Every structure is written in C-alpha cells, then in structure tokens.
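If you read the protein sequences in the order shown, they are chains A and B.
Heads up: the first sequence begins at 0 in numbering that gives the first Met the number 0, then just goes up one per residue.
Heads up: the second sequence begins at 0 in numbering that gives the first Met the number 0, then just goes up one per residue.
Just so you know, these hints were derived from the structure itself, not from any lab.
Fair warning: this is a prediction, and the values are worked out from it, not measured in the lab.
Any given hint might turn out to be false.
[What the hints assert, rightly or not] Partial list, computed: chain A residues near chain B (C-beta under 8 Å): (1) G59; (2) L99; (3) S102; (4) R107; (5) F110; (6) T116; (7) R122.
All residues carry an ideal CB built from backbone N, CA and C; glycine is no exception.
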Amino acid sequence: MKRRDFVTRSAALGGALVLPGGLARAQSKPATTSLLAPNPAEFKRAMAEFLGTARPVEGGLKLELPVLADNPGAVPVHVWVTLPITESHYCRELIVLAELNPSPVACRFRFSPAAGTAEAAVRLRLSQTQTIHALARMSDGKVLATQQTITVAASGCGM
Amino acid sequence: MAKPPRIWVSNAKPARGEIVRVRAQIEHQMESGLRSDEAGRLRPRNIVRKFEARLGQNLLFTWEPGISISQNPYIEFTFAARESGELVMVWTDEKDPPLEARKTITLS
C-alpha cells in the first residue's frame, strides 16, 4: 500500500523533488530523478576516499551473502577478514558498499586492536539487483577488497 | 526505542583469548528520509547513526550504519576475550537518547 502510494506520488511530484539533507551530497543530480535512483557519483567518491592512494588487494577479506535476495528489505551480509589479527596487524576500518542503492555507503566499521577480530554481519536493504562491495583497510595500509553480485527478484526495498 | 535490545552472547564465561560471538538487535524504524506520508511530505530521516561496543574501558569497535541498513538493525560481531568486564553496547540515533545494553563477560 505504502509502496504504491510512494510510486504514484514520486511520479506526480516529478520536477519538484528536493533530496533531503543527508543525501544532499549529490548536488549534481537533476531534481527530476527518483529518490531511489542509484548515486554513482557518491559510490565512486566513497570508493576513492576509502582507497586513498592504496590499490585494492584481492584475498584476505571474505564476503558472504545470498545470491538471491528472498527479502530485499533485510539481506544478511557477513564480512570478515581471514588474515590473522594480532595487536600489531589488525583491521582499522571496513566499509560495505551497495553499488546501486540511493545511498551506496551501507555501513562502516572501525575496529580497534582490542577487538582481536574483524568480523561483522548486518542486514541490508537493497533497491535493485546490484553488486555489494566490501573494503577493509589494515593497520599496515593495505586495502583488501571483495565483491559479490546479488539478484533482487521481487521489487526492491522502497526504503 | 521502547523495548530493551535483544542480546545473544555465544559464551559469557569464555577462556582467555577465546573468540566470543555477539548478536544484538533493537527495534528501530530506520526512517530513511526517502519515504513520504499521505500528504506527500518527506518523512524526516531518523536512523541509528552509531553503535559502539565496549568491553570494560576498551572500545572494541564502532559501527556507523547508513540508510541501507534494514529496519530493526541487526549486528553480529566477534571479539577476543582478553579480560573480564562488562560488554556495553550503545546505539545512538538522530532523535532519541542513546539506547544501552550490558552483558557481563567473566573469564573462566
């Protein structure tokens, strides 16, 4: 019921749409696009900001999520670093990106050496079939990267 | 944010260095700021902005969810039990006072 209203309303509002405060980073987007539209500029910016000058390294970071989203409003995503974690070699920051979501940065984890591990599982809501990326910055500056595509068969989560 | 958080800990009496798994979930609308009400006005965004887990005085990790995290945000994490203490988890959103949950971890 709510989604149907939302779709008809967003079509009617059309050119008068203004992105709310938190999404105002996408200033280059024209006002006529839907609120659920992907934000490729924000995705690229988030990737570039996390990578900095480092090149992403494949391996050492595992991402586990289903290939088909039964419930696009709650997709279980499990991410963990498989490299040994010690007091001197640990994961500083881990970021999960949903490439085609209206807000591509799904979440960010900042681990401390006191944690002793770098593992987390969350539930994402996805607007459409897309690739989920996970990036982890280790204490030695290396950035581990991995990705997996997930198919959202039902109509995606309308957030 | 009325109901207490639901917490599950794999082992509240771990051996030193044992990896403890924790699952925590709260009830939260996670209003994304993209939905509108019947009149067409956008509902203001109100999501859990920060989650912190501490064991005693030590900060284990911080989780910063965005609007792509599901409603009733679920978090599962692990940590190495290096000392006895209270595992304190705090959820902070954009409107209400922070929500807190505690679990005592005793090294066996």
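So, going through the hints one by one against the coordinates:
1. G59: violated (17 Å)
2. L99: violated (11 Å)
3. S102: Check passed: Cβ of S102/A comes within 5 Å of chain B, closer than 8 Å.
4. R107: holds (4 Å)
5. F110: Hint on F110/A: holds, closest Cβ of chain B at ~5 Å, below 8 Å.
6. T116: holds (4 Å)
7. R122: At 4 Å from the nearest chain B Cβ, R122/A passes the 8 Å test, so the hint holds.
Of the numbered hints given earlier, the model fails hints 1, 2; all others are met.
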